[in-house]
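Asker: Let's have the full structure, built from the sequences with the hints guiding it.
Protein chains in written order, with the numbering used here: chain Z, 1 to 194; chain S, 1 to 255.
Keep in mind that the hints were calculated from the coordinates and are not lab data.
Among the hints, a few may not be true.
[What the hints assert, rightly or not] Under 7 Å between C-beta atoms, here's a sample of chain S residues computed to sit facing chain Z: (1) H18; (2) Y22; (3) G41.
[Unchecked claim] To give an idea of the chain Z side of the interface with chain S (calculated C-beta under 8 Å), a few residues: (4) H6; (5) F9; (6) N10; (7) H13; (8) A16; (9) L18; (10) G70; (11) A106; (12) R107; (13) R155; (14) L158; (15) N160; (16) Q186.
These figures come from a predicted structure and were not determined experimentally.
Ideal placement from N, C-alpha and C gives every residue a C-beta, glycine not left out.
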Amino acid sequence: MQLHPHFLFNALHTIASLIGEQPGTARRMVVALGDFLRLTLKDGMSPVRSLGEELEFVDLYMGIEKLRLGDRLTLDYDIEPAATRTEVPHLLLQPLFENAVKHGAARLTGPCEIAFRAHRDNGRLNLSLENDGPVPTASANVSKGGVGLANTMARLRLHNGDDFTLQYTDRLQGGVRIDVSFPYRQAGRVQELS
Amino acid sequence: MIDAQALVRTLIVEDEPHARRYLRQLLADESRVAIVGEATGGAEGADLVRKLSPDLVFLDIQMPDISGFDLIAEIGVEQMPAFVFVTAYSEYAVRAFEVEAVDYLCKPFDRDRLSDSLEKAMRRLQLRSAEVPENGLGAVHGESDPGLSRIPIKEKNGIIFVSVDTIVWIEAADKYVELHTADRTYVARYTIQSLEESLDPKQFVRIHRSTIVRKAAVRGLHPLFHGDYLVRLNNGTELTLSRNFRESFFAQMSR
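Answerer: This is the structure we're talking about:
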């Protein structure tokens with residue numbers, strides 16, 4: 001995956017800021033960053049994982065961003081336990097969360113909520129990710145998902161052929177909602193580990 | 001030249017809470033720096049640049065509302081105080097040079113890197129003040145006297161000390177004076193005359209029988225009638241330069 005260098009530099013700077021005053025938090029952040037880098041840099045990984053494993057990776061990423069942005073970022077997860085066993089393409093979620101931070105929390109001076117839902121319905125897995133963001137104005141050039149979203153589409157296609165939907169909605173109150181749906185398939189042995 | 005004792009009035013503009021606190025802590029340990037304000041976004045930053053007329057700004061680039069570059073565009077490169085960019089993005093260095101940034105401080109940084117930037121800023125500030133020609137008019141104070149640094153003020157529950165660095169302008173009102181800072185006004189029992197004599201003439205200038213103003217806060221002058229001028233401050237305040245003080249004002253302003 002492409003790791004954005006400023007994510008790394010910002011995270012390192014947060015650590016530098018915390019070392020004196022909150023050494024415990026600084027240490028936790030170093031460990032989270034280490035785990036995140038290990039997963040990011042690992043090559044030759046299976047192209048599919050369970051949704052649960054994807055969410056662990058997202059947790060590392062969001063934990064680091066939450067420390068950086070402080071109270072401005074709040075997370076709300078609603079995940080059906082059985083849905084975490086779904087087989088999903090590797091790196092399906094993290095780029096979507098990254099976009100949500102970049103176009104949401106990083107663009108709002110006030111608080112930003114990122115809400116994630118995962119449910120099974122009629123043999124499909126339905127995911128939705130919503131983030132608060134600046135109210136779109138005619139003049140603002142709202143950058144649409146960009147590379148992140150194109151990569152997500154490519155991964156979904158590899159995994160599901162044409163049997164998937166990805167919908168991107170600009171919310172009237174500002175921010176974005178992304179809906180993804182594809183057939184539910186239980187992940188294999190990988191799941192037994194966790 | 002800037003006095004060795006004169007503190008550099010510094011503004012921090014940084015949206016990330018830990019990064020802001022870190023910068024504040026590092027700067028607080030610098031004896032030559034007085035932090036006069038902190039902004040958590042670009043728009044608030046622009047506002048504080050106008051209100052406080054700082055000597056130096058530490059400026060983040062990526063911020064939620066408007067970027068560091070937008071802030072400079074809003075203030076104007078000419079009006080912008082000396083500033084150091086503070087950012088995780090190395091790709092803006094060329095643009096930073098174009099808007100005359102003193103330095104480009106890449107995150108993560110430590111005390112040593114910050115001190116280097118501060119050193120550069122000091123040199124830039126000295127150059128700026130050295131460009132102003134000396135005009136031979138005698139200063140009231142010797143070179144060694146930087147003037148009053150804190151003004152004690154009696155309030156209901158005791159005495160508070162107002163740092164002179166925070167004062168933008170002073171107005172006489174009856175037997176009192178009003179000290180105007182960016183966010184509030186203090187009323188104190190002093191005469192404008194005694195304050196004028198105690199304040200550093202390099203930083204403050206008398207413009208009226210009842211008004212003293214921080215030189216760095218003056219944006220421009222507009223002629224009125226009878227030889228008076230309207231003095232407009234960076235924060236929008238409008239004051240009068242009376243003709244009796246006109247000559248000394250122009251002589252003092254270039255010092």
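Asker: Are there hints from earlier that the structure breaks, and if so, what are their numbers?
Answerer: When the structure is compared with the hints, numbers 13, 14, 15 and 16 turn out to be violated.
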